[in-house]
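Asker: Guided by the hints, dock chain P onto chain V, whose structure is given.
2 protein chains.
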Amino acid sequence: MGNDPLIVFTPSGKRGRFQIGTPILAAARQLGVDLDSVCGGRGICSKCQVTPGYGEFPKHGITSGPGALSEWNAVEERYDAKRGLKAGRRLGCQAKILGDVVIDVPPESQVHKQVVRKEAAVRNIKMDPATRLCFLEVGHPDMHEPTGDLERVRRALHEQWNICDATADITLVSKLQPVLRKGNFQVTAAIHRSHKNTRPQILDIWPGFHEAGLFGLAIDLGSTTIAAHLTDLETGGVIASSGIMNPQIRFGEDLMSRVSYSMMNPGGDSEMTAAAREAINNLTEEMARTSEIDASLIVEMVFVCNPVMHHLLLGIDPTELGQAPFALATSESIAMDARELGLSAVNPRARAYILPCIAGHVGADCAAVALSEEPGKSDELVLIVDVGTNAEILLGDKFRVLACSSPTGPAFEGAQISSGQRAAPGAIEAIRIDPVTKTPRFRVIGSPLWSDEDGFEEATAATGITGICGSGIIEAVAEMRIAGLLDESGLIGSSSQTGTERCFPEGRTSSYLVHDGTRSAGPKITVTQSDIRAIQLAKSALYAGARLLMDERKADKVDRVVLAGAFGAHISPLHAIVLGMIPDVPLSKVTSAGNAAGTGARIALCNVAARREIEQTVGKITKVETAIEPRFQEHFVAANAIPHKTDPFPELAKSIALPSPKFNAGGDGNGDIGGRRRRRRRA
Amino acid sequence: MGNDPLIVFTPSGKRGRFQIGTPILAAARQLGVDLDSVCGGRGICSKCQVTPGYGEFPKHGITSGPGALSEWNAVEERYDAKRGLKAGRRLGCQAKILGDVVIDVPPESQVHKQVVRKEAAVRNIKMDPATRLCFLEVGHPDMHEPTGDLERVRRALHEQWNICDATADITLVSKLQPVLRKGNFQVTAAIHRSHKNTRPQILDIWPGFHEAGLFGLAIDLGSTTIAAHLTDLETGGVIASSGIMNPQIRFGEDLMSRVSYSMMNPGGDSEMTAAAREAINNLTEEMARTSEIDASLIVEMVFVCNPVMHHLLLGIDPTELGQAPFALATSESIAMDARELGLSAVNPRARAYILPCIAGHVGADCAAVALSEEPGKSDELVLIVDVGTNAEILLGDKFRVLACSSPTGPAFEGAQISSGQRAAPGAIEAIRIDPVTKTPRFRVIGSPLWSDEDGFEEATAATGITGICGSGIIEAVAEMRIAGLLDESGLIGSSSQTGTERCFPEGRTSSYLVHDGTRSAGPKITVTQSDIRAIQLAKSALYAGARLLMDERKADKVDRVVLAGAFGAHISPLHAIVLGMIPDVPLSKVTSAGNAAGTGARIALCNVAARREIEQTVGKITKVETAIEPRFQEHFVAANAIPHKTDPFPELAKSIALPSPKFNAGGDGNGDIGGRRRRRRRA
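Protein chains in written order, with this note's numbering: chain V, 1 to 683; chain P, 1 to 683.
So that you can see chain V by itself, here it is in the shape it has in the complex (with noise of 0.2 Å):
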């Protein structure tokens, strides 16, 4: 043993002697190494390159000889010849060990390799699918001893990759036999490895060595789109990013009108859960056809959701979540077969998993957040908002994490605001006011140019200047009240009180003029007093959750803040603690995290582990309901005012040096919530 070649592994740092001639695929096993392979070692797959170091190694204590390694042979060769192998790489299962030698393992070699999100200060992504390819040599029969095929392919699954008492869905059974024989024997399975206690399954079976591939979709069931991450399971690379509506949208816009629909008509459920499905399954084969994949290649799908969308996924009535005690059916995460929910799109065997429930109101989109953000690692107390239709806020540090969700209806989505749309191309996704002029200047999606800018307007030519999606409405009402044209209120002031044209009287109050686009027939886009409610009654709500769990907390503030949500993602967070949306915190302790819900579906879609922790964390959490909790009710009135910010935003010191307008309208109680708003600061 002591005169046994020793071999060092980077960058793990494992070490051991080895015999003569042992391949460095054997010796990364035996030392656990993380070292890939489909192919069990016979030069077929390819997934276990390694890098031999030459030459004097003194922090391992090794020198190292050309001769440490055996001879390039025939099999590296061929390999080389048809796909080519990065200079100085070698196959860990054809080279073999003839005296001391460091072995670089590549990333891409790893198993468990990490995935880099492009995100900031948040975790990589380690790869550990739930579904694995290995290939396989399978025994042929024999009359003598009469077993049948997939025993045989049980038998070498134990022998050859230590996966015991496989199991296989009938339909997989059927197809065994002309696989077998087509492949004379030699096949590639996928075996599908639950975190649940339950036994690994033979999930499909190809013959020879399988090169295509294995895919999975994280998918993002929202009430207004589907978003869905096509993600290679062997690299994590996410190989397309689609949306679409949910068509479930005809059957009502929000979440409640959609549990009344099914209330008010017999089957109404079944509507749209197979409404939901028929989406799903284009939108997987749309984005299959796209990315050129089989999308019998898709064999795990993992959702994400609230609890309206997952019981109607599911198929089950949502008819108890819209009343107290807002029963959820089942709030454990669910592992099933994907054609049981009727997605036919992908293969037929194709496992789907959705994160659990965290209660009546907060989903199983809300644990993704959580999975994706981590507030019980956190050491600083975070504050996570996933903005949409309803807003899913976390709150804690690694002590103790709750959760609520608040009912802010769809304005922050741009839906029900005058001059509003969805963001899309010709959306103003950005506003800035001038304090002085109260003229404004906007950016559109589509275009990276100010509208001030040269060439803005044939950079916007192709798609017009159509509407405000939601993060322009935030800005624009934000900016409107640092103009001044806005009280503390929230009353939009009339062309005599703030100096400008751009306030024009509607009816009995005044809106704004942001863009007229009449003379090139585009729309006139205005911000309407009504608008400004509408955000007022979103951000209150928004804030009341907030200021409920830092009740529960027994917190006065916060230290950071996160805003998720594929809205999130584009909140200044400026604008959002001018309107008051989030509690005070320094700017650069507001993040954005992007799409959390649909990165913690990513994570456990390439990371079977993460399954097991989210539904753990998902016990933890504490759940606070605000739809009965007077507290929620006193919060939401209180904070409906837009009050003035000094400290801790310089960047506002010239806008807030201005007097705070107070304009008087009509009775719309305006007083009123003023009075209440000052109420809450005695409080």
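Any given hint might turn out to be false.
Intra- or inter-copy, both count: the list cannot distinguish identical chains.
[As the list claims (entries may be wrong)] Taking lysine-lysine pairs in the DSSO-like style, the calculated list, with each CA pair at most 30 Å apart, reads:
1) K620 / K175
2) K196 / K175
3) K398 / K377
4) K589 / K398
5) K377 / K196
6) K377 / K589
7) K59 / K126
8) K96 / K14
9) K47 / K96
For the record, the hints were derived by calculation from the structure and aren't laboratory data.
Answerer: Below, chain P alone, put in the same frame as chain V:
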């Protein structure tokens, strides 16, 4: 403790001391006494009825007074008024222990009650079904601790029945909420516990206490007929037995012609699969309707069948079973959802269990025979033949069991016989030929009278005399041999050779007239030379299979013979031996096991442990493949003749005293066959 009252349960003899006031059911549970309860001791189900004994019990060292139990209470009163309690009975959950007492648990109150089988010399069935009812009191939803309804059902199962980690199909979850609310959170759940390494499953759920019971179907899926036993899963009683023709017959009479159909016609296997499944659905609906039970209460199905039927039921192309090496797609037992087999007439979540196959030609039906007849527990060397279109043959004792299948063809079922028909009213099922006058007398199905008895004509007027069924043709051939109408080679003598006009020429050979019904517009029923040849081929195959197993086991003789199969039940052992279907044994050592495969299916339906038992047993059986075994051909040819039998059949002394005839006809090779028979005797 020492002063606590002593309770002794009979018949188990289990005893213990319990605090005053302990309910009898609680004491039984603590002692592990087999006392049933579905409602968990709530006085609803009345399954825990017991009979207290008062007086002196010297055997148990107890004297029990009338005050030994608490008084008859309101729950018992109500139950007695509503349904009636047998005199002397108490409800075990209501009656509390006050003093020393002896408590008898009547058979119907035992969970693991014995179901007595009618057939002699076979074990009874011990009830231990995979699916049982559990009454549950489920926690109400609570907004402050939001868990799903399913999770609260699971908690109740855990707390009230110690059933942990139960799973539920999504179709169950989707009906959960209305059922819970209808039952005010009191429900009865059907819990399925597989013997495989899987979690218990909530199979169905009903509001309140479910009184309509649970049922199962044991199905013998034969090539020719599909037979089903509708069984009460609580009592084990057979509610109804019924059978229909297997509609696959239109694709081919026997197994090989069905395999050929599949090979020749793309999609042919799917046609046959659909036909069988539809027939099973129809049979199920019909049985449920005539038994007046709700088919959705059928929660378990157990199938036994030969390998080709097995594959076609499962939707697997049987092509590989038609050619060496006769590879099964899967050989082990299968537990799956019945709906995945398209079996839609039963509960939507009903489970299907299919017994393991033994080899490519030896199916789950043979495994079921082994389960029913237990050759592996026999002290004597027992030969079990299950005669159908294929014969399944088991030979063994407690040391070793061997199995093979032999292609007897359908002659034993009356097919390919000129006057043959299946066993139905009007068919001749028994026949005797006077060795002197050569006149036959016979019995037809539907009447107990022989044809020479008074009233026979009246008794058979309704059905007529329509043909000869399997058991009839065997007796006819054997009786013809005994009466000297056949020589050893199987040739029918002419009228001049046999001295009776009943032997008449047909073509180059002779036929024997059994019954001329032409006067009353009925058929002329004869046994032709080609009928004799068909029976000779069938019996040779059967005998050769048995001999092959004996060779393998190095046995010259067997100690006893069991004839199994619906048809086996009707074979006269005497005639079977005369014909040479089975090796010579004393007549007293030949028994009939009736439909042993069907019984095996019933055992597996009623007792989940029996499933594991047969899976293990099958693994230990030595499989012998007749198709590739040269000695099978030798035995087959050698067994063609019908030699005289003297010992051990004194019953035959009279007839065999006649000289053995030897007829000569055209060159049909008789001499040759006779010659081989002689060679075998020398060997």
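Asker: Under a CA distance limit of 30 Å, which applies to K96 and K14: within one copy, between copies, both, or neither?
Answerer: within (17 Å within a copy, 67 Å between copies)
Asker: Evaluate K196 and K175 at a C-alpha cut-off of 30 Å and name the case that applies: within, between, both or neither.
Answerer: Intra 27 Å, inter 24 Å, cutoff 30 Å: intra and inter.
Asker: Classify it for me, K398 with K377: is the Cα-Cα distance of at most 30 Å met within a copy, between copies, both or neither?
Answerer: within (5 Å within a copy, 63 Å between copies)
Asker: Within a copy, between copies, both or neither: where do K47 and K96 come within 30 Å Cα-Cα?
Answerer: Within. Shortest intra-copy distance 16 Å satisfies the 30 Å Cα cut-off; inter-copy 70 Å does not.
Asker: If the cutoff is 30 Å on CA atoms, where do K59 and K126 land: within, between, both or neither? Let me know, please.
Answerer: within (28 Å within a copy, 70 Å between copies)
Asker: Under a CA distance limit of 30 Å, which applies to K620 and K175: within one copy, between copies, both, or neither?
Answerer: Between copies only: 28 Å across, 44 Å inside.
Asker: Check K589 against K398 for me: Cα-Cα at most 30 Å, and say if that holds within a copy, between copies, both or neither.
Answerer: Close inside one copy (18 Å), not across copies (78 Å); limit 30 Å.
Asker: My question is about K377 and K589: at a cut-off of 30 Å on alpha-carbon distance, are they close within one copy, between copies, both, or neither?
Answerer: within (17 Å within a copy, 77 Å between copies)
Asker: State whether the alpha carbon distance between K377 and K196 is at most 30 Å within one copy, between copies, both, or neither.
Answerer: within (24 Å within a copy, 39 Å between copies)
Violated hints: none; the structure is consistent with every hint.
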